[in-house]
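Residue numbers (our numbering), protein chains in the order written: chain A, 1 to 297; chain C, 1 to 576.
Misleading hints may appear alongside valid ones.
[To be verified] In silico lysine to any residue, SDA-like type, Cα no more than 25 Å apart, as pairs:
{"#": "1", "chain 1": "C", "residue 1": "Lys524", "chain 2": "C", "residue 2": "Ile231"}
{"#": "2", "chain 1": "C", "residue 1": "Lys569", "chain 2": "A", "residue 2": "Ile84"}
{"#": "3", "chain 1": "C", "residue 1": "Lys569", "chain 2": "A", "residue 2": "Pro98"}
[As the list claims (entries may be wrong)] Label pairs and their computed distance ranges (CB to CB):
{"#": "4", "chain 1": "C", "residue 1": "Pro100", "chain 2": "A", "residue 2": "Ala108", "range": "50 to 60 Å"}
{"#": "5", "chain 1": "C", "residue 1": "Asp546", "chain 2": "A", "residue 2": "Pro94", "range": "25 to 35 Å"}
{"#": "6", "chain 1": "A", "residue 1": "Tyr38", "chain 2": "C", "residue 2": "Val187", "range": "54 to 64 Å"}
{"#": "7", "chain 1": "C", "residue 1": "Ser27", "chain 2": "A", "residue 2": "Leu156", "range": "28 to 38 Å"}
{"#": "8", "chain 1": "A", "residue 1": "Val13", "chain 2": "C", "residue 2": "Glu443", "range": "19 to 29 Å"}
{"#": "9", "chain 1": "C", "residue 1": "Asp513", "chain 2": "A", "residue 2": "Leu156", "range": "38 to 48 Å"}
{"#": "10", "chain 1": "A", "residue 1": "Leu87", "chain 2": "C", "residue 2": "Glu139", "range": "11 to 21 Å"}
{"#": "11", "chain 1": "A", "residue 1": "Ile31", "chain 2": "C", "residue 2": "Arg445", "range": "38 to 48 Å"}
{"#": "12", "chain 1": "C", "residue 1": "Asp354", "chain 2": "A", "residue 2": "Ala58", "range": "33 to 43 Å"}
{"#": "13", "chain 1": "C", "residue 1": "Thr192", "chain 2": "A", "residue 2": "Trp262", "range": "51 to 61 Å"}
Just so you know, these hints were derived from the structure itself, not from any lab. Just so you know, even glycine gets a beta-carbon here, dropped at the ideal spot from N, CA and C.
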Amino acid sequence: MTLLLVLGQLIGVVLLLLATTTALLVGRDRIIETRRAYRERFASVAPYVGLLGVVLVANKIARDIGPDISWLVGVRITGWLERIDGLLLWPLFPEETPQIVVWIQSMATPELTAYFSFVYVYGYVFLLAFPLVAYFALPRPEPLRRTIVAYGTNYLLGVLCYIVFIAYGPRNLLAEQAEGLLFSQYTQYQFVTDAVNHETNVFPSLHTSMAVTAALLAWTTRDEYPLWIPIAAALAASVVVSTMYLGIHWATDAIFGIVLAWFSVRVGTRFEETPPTLDGAKHRLSAALDAIPGRPR
Amino acid sequence: MATTTAGCMGNVRNLVGRQEVDQLSLSIATLPASEDPYAVRIATRLAENLRRSGIGIVIDPVRPDVLFRDVLVNHDFDLYVARYPSHGDPDELRSMLYSPYAEESGWQNPFGFADLTLDEILDEQRTDEGEERIDTVHEIQRQVVREQPFTVVCFPDHLGAVRNDRFEGWPDGGPGRPPDYFGIDRVGSESTLQLLLGDGRITRNRNPLAVEYRNQANFTGLLYDPLIRSIRNNSLPDSEPDPIPWLAGSVEWTDGEILSATVRLRETPWHDGKPVTARDVAFTYEFLSDTSLGAFDTPVPTPWRRGRVSLVDSVAVQDDRRFRLQFTTGNRSVARRSLAVPILPAHIWRERADSAEIAGLELGGRTTQALVDSNEAAIGSGPLQFVEATADESLSLEVFPDHFLHTGHDDGIPDRFLEDRPFERIEFTVAPSDDAAVEILLEDRADATADGLQASVVPRIVRSDDISLTARGTEFFYHIGYNCRRAPMVDPNFRRAIAGHIDREATVADSLDGYGIPSEVPLKGQWAPGDLLWDGEASRPFFGTDGTLDEAAAREAFQEAGYQYDSGKLVRRGPT
Numbered sequence: 001m002t003l004l005l006v007l008g009q010l011i012g013v014v015l016l017l018l019a020t021t022t023a024l025l026v027g028r029d030r031i032i033e034t035r036r037a038y039r040e041r042f043a044s045v046a047p048y049v050g051l052l053g054v055v056l057v058a059n060k061i062a063r064d065i066g067p068d069i070s071w072l073v074g075v076r077i078t079g080w081l082e083r084i085d086g087l088l089l090w091p092l093f094p095e096e097t098p099q100i101v102v103w104i105q106s107m108a109t110p111e112l113t114a115y116f117s118f119v120y121v122y123g124y125v126f127l128l129a130f131p132l133v134a135y136f137a138l139p140r141p142e143p144l145r146r147t148i149v150a151y152g153t154n155y156l157l158g159v160l161c162y163i164v165f166i167a168y169g170p171r172n173l174l175a176e177q178a179e180g181l182l183f184s185q186y187t188q189y190q191f192v193t194d195a196v197n198h199e200t201n202v203f204p205s206l207h208t209s210m211a212v213t214a215a216l217l218a219w220t221t222r223d224e225y226p227l228w229i230p231i232a233a234a235l236a237a238s239v240v241v242s243t244m245y246l247g248i249h250w251a252t253d254a255i256f257g258i259v260l261a262w263f264s265v266r267v268g269t270r271f272e273e274t275p276p277t278l279d280g281a282k283h284r285l286s287a288a289l290d291a292i293p294g295r296p297r
Numbered sequence: 001m002a003t004t005t006a007g008c009m010g011n012v013r014n015l016v017g018r019q020e021v022d023q024l025s026l027s028i029a030t031l032p033a034s035e036d037p038y039a040v041r042i043a044t045r046l047a048e049n050l051r052r053s054g055i056g057i058v059i060d061p062v063r064p065d066v067l068f069r070d071v072l073v074n075h076d077f078d079l080y081v082a083r084y085p086s087h088g089d090p091d092e093l094r095s096m097l098y099s100p101y102a103e104e105s106g107w108q109n110p111f112g113f114a115d116l117t118l119d120e121i122l123d124e125q126r127t128d129e130g131e132e133r134i135d136t137v138h139e140i141q142r143q144v145v146r147e148q149p150f151t152v153v154c155f156p157d158h159l160g161a162v163r164n165d166r167f168e169g170w171p172d173g174g175p176g177r178p179p180d181y182f183g184i185d186r187v188g189s190e191s192t193l194q195l196l197l198g199d200g201r202i203t204r205n206r207n208p209l210a211v212e213y214r215n216q217a218n219f220t221g222l223l224y225d226p227l228i229r230s231i232r233n234n235s236l237p238d239s240e241p242d243p244i245p246w247l248a249g250s251v252e253w254t255d256g257e258i259l260s261a262t263v264r265l266r267e268t269p270w271h272d273g274k275p276v277t278a279r280d281v282a283f284t285y286e287f288l289s290d291t292s293l294g295a296f297d298t299p300v301p302t303p304w305r306r307g308r309v310s311l312v313d314s315v316a317v318q319d320d321r322r323f324r325l326q327f328t329t330g331n332r333s334v335a336r337r338s339l340a341v342p343i344l345p346a347h348i349w350r351e352r353a354d355s356a357e358i359a360g361l362e363l364g365g366r367t368t369q370a371l372v373d374s375n376e377a378a379i380g381s382g383p384l385q386f387v388e389a390t391a392d393e394s395l396s397l398e399v400f401p402d403h404f405l406h407t408g409h410d411d412g413i414p415d416r417f418l419e420d421r422p423f424e425r426i427e428f429t430v431a432p433s434d435d436a437a438v439e440i441l442l443e444d445r446a447d448a449t450a451d452g453l454q455a456s457v458v459p460r461i462v463r464s465d466d467i468s469l470t471a472r473g474t475e476f477f478y479h480i481g482y483n484c485r486r487a488p489m490v491d492p493n494f495r496r497a498i499a500g501h502i503d504r505e506a507t508v509a510d511s512l513d514g515y516g517i518p519s520e521v522p523l524k525g526q527w528a529p530g531d532l533l534w535d536g537e538a539s540r541p542f543f544g545t546d547g548t549l550d551e552a553a554a555r556e557a558f559q560e561a562g563y564q565y566d567s568g569k570l571v572r573r574g575p576t
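Chain A extracted, bound-state conformation:
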């Protein structure tokens, strides 16, 4: 019941944010144009949407059975994340180096907690959803395709990492010094996060990588949506900080999240510049087979 209530609230707030931003950034002309041409546009990205659907379903299955597989075959890295995080602030505090998350939380105020909780839940969903709307409203299909490929890459690699590496976030280890602020202050959100994710899926931070991906993609559409760049950058930065502020992720998770974002955007861009074709795949396969010595041609 709480789950439905919180989900309803989430959808409502995000729709409101989307409507406002779309009206301001996308503009009337593009919306009218999109209403006229939505069939062709949908057709030009349809295979990609299908791809994203497949990725999401695979992702859901992997998340359901992933933890059990991961506990059997995965590498436990919580202790190492804690040790690496404990070294990162060394240049600032060489004497007694604090844990980054503990250091960030030492600056906590109720207002900041409210802000970062809002950003972590609503801001994040909005940041990911707006590019899909805005890029659909563009006549050229590349930005939307690039976005879908980059999102998909993020998820696939993220889920693979979650199976290979098993780790708990700082709130689960530094329980006395770092609080899981989101869940102790805004308990209702836990019913949602618990339904969509597992607490051992920590490394890397998918919140960070998806948010940074959206921000990096904003740069590729700077001519069409110049105003989206500062908004996306500020939101992405807030999401990254929120993952640590709320005690959900280690700084190391966030750093690898940024690397994953950069990589995913590159994949998205490459994919768009040199789209993979069936012929290309056949060609590469036969080239690979030819390379096997002694094989009759």
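With chain A held as given, fit chain C onto it using these hints.
Frame of chain A; chain C shown alone:
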């Protein structure tokens, strides 16, 4: 010239031939805060202090079933921090420390500790009576404090939150042990009891022998009945629990050279309708002492309640409902412990004696199906029967109408268990966290918590008028376990030095927010030796004050024990 070169090469060979020294690095396995916030807090406290003493520490938080599989089954750990699910009985120490148990899997000597003198007094407390037994138990604990096979930290309080609008008469701390459920009173017409769980293991596995899924086995205790239940009178919380004849309608003791008892079973069926017979009881004791039923070269005993089963020497079936037990001890109150194991239906468990062939455990022919089966349908003879479950979400149980509590075969059962049934069904829901559990209670979607809450939610509970806080002391104790099979934990001096890195007083005050009692011995009350009762300071004191470690003193302790430092790090030769 030739001689100089040869001499020089000799020096090099001597130098290179010596093994390099490396910093000692240890891992501390524990549970994540979402499962047990106190354990992880004690572990991080210990880790921080040991790092100050120059030891490299990696903390490894793992899911409970994985932790207990590593520690209790595979013996793959350096140090761990967890609760021991004690019932407060001194004979439990024998299971924990008896050296012949070191190779077995389960809560029997997970430390791999071996001490012949201790083995002798552990056996002695089984035969001693009265004051003599108390003295022996005190002596055992003095040895435990001296040798530190494990380091006791504290007894936590069990906290619960309850609503009183549909049900009342909750036991302190909320429902816990199986009989607690039948002392609850219904207020309105609602016949389904809604309870919240923090630990979802019972929703995945209902095998009473699967040690990695059980604490005190309270939930499987609703599904399976023992011959005798020890029930504490809630109005006299400090008294020793009363033995109530449960599945056994009557027990006649015969003293003599060998202590024995003739037991007559109550007339009651299994949940699948077949009658409970004396043959099921005989099977249970045989099966628990070797779940392979003689098929393996080495017996594979139950990993949980091993000590209890070892008290029974033989079971002779006399007729369908009558049998005679012979014990390995002459002490009745010790022997009675063996009557509290869950009785299993032979027609279901007999085929689980085969070798197990699934992943997750180191098999190698030493594990039976009985230990790894998740036993989802859980056919027992208990007062509640299994209805349905969704892993990590929920579990539904309903009252078993044919149970002897409801069919009049209830001689010797106290009246408070025989009054009108307080509920027809229990719905357990797994809450994502303790904060979420309190939230669900506040929203009036549950009646009580059925396992412990952490102290951090106490302010939320007491601020509300609708729900109330309730607490009880426990026999559970947090402890640091050492794998004495591995160097340097094999060295008692090393373990004693580690024990000096935990400040029990500060731990209880800060990590448990005061909801617990510090202790350095595993037993309470009359069983705790007077000279080791907690008086604010451990007999092996903390190296420091108010939770802050005195590095110099701590390092000196390691040096006195023969350990060496190199540029601030505790170093050892060879691979660590």
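To see whether the hints hold, each was checked on the structure:
no.	hint	result
1	C:Lys524 x C:Ile231	holds (18 Å)
2	C:Lys569 x A:Ile84	holds (18 Å)
3	C:Lys569 x A:Pro98	holds (20 Å)
4	C:Pro100 x A:Ala108: 50 to 60 Å	holds (54 Å)
5	C:Asp546 x A:Pro94: 25 to 35 Å	holds (26 Å)
6	A:Tyr38 x C:Val187: 54 to 64 Å	holds (59 Å)
7	C:Ser27 x A:Leu156: 28 to 38 Å	holds (31 Å)
8	A:Val13 x C:Glu443: 19 to 29 Å	holds (21 Å)
9	C:Asp513 x A:Leu156: 38 to 48 Å	holds (43 Å)
10	A:Leu87 x C:Glu139: 11 to 21 Å	violated (48 Å)
11	A:Ile31 x C:Arg445: 38 to 48 Å	holds (43 Å)
12	C:Asp354 x A:Ala58: 33 to 43 Å	holds (36 Å)
13	C:Thr192 x A:Trp262: 51 to 61 Å	holds (53 Å)
Of the hints listed earlier, the one the structure fails to meet is number 10.
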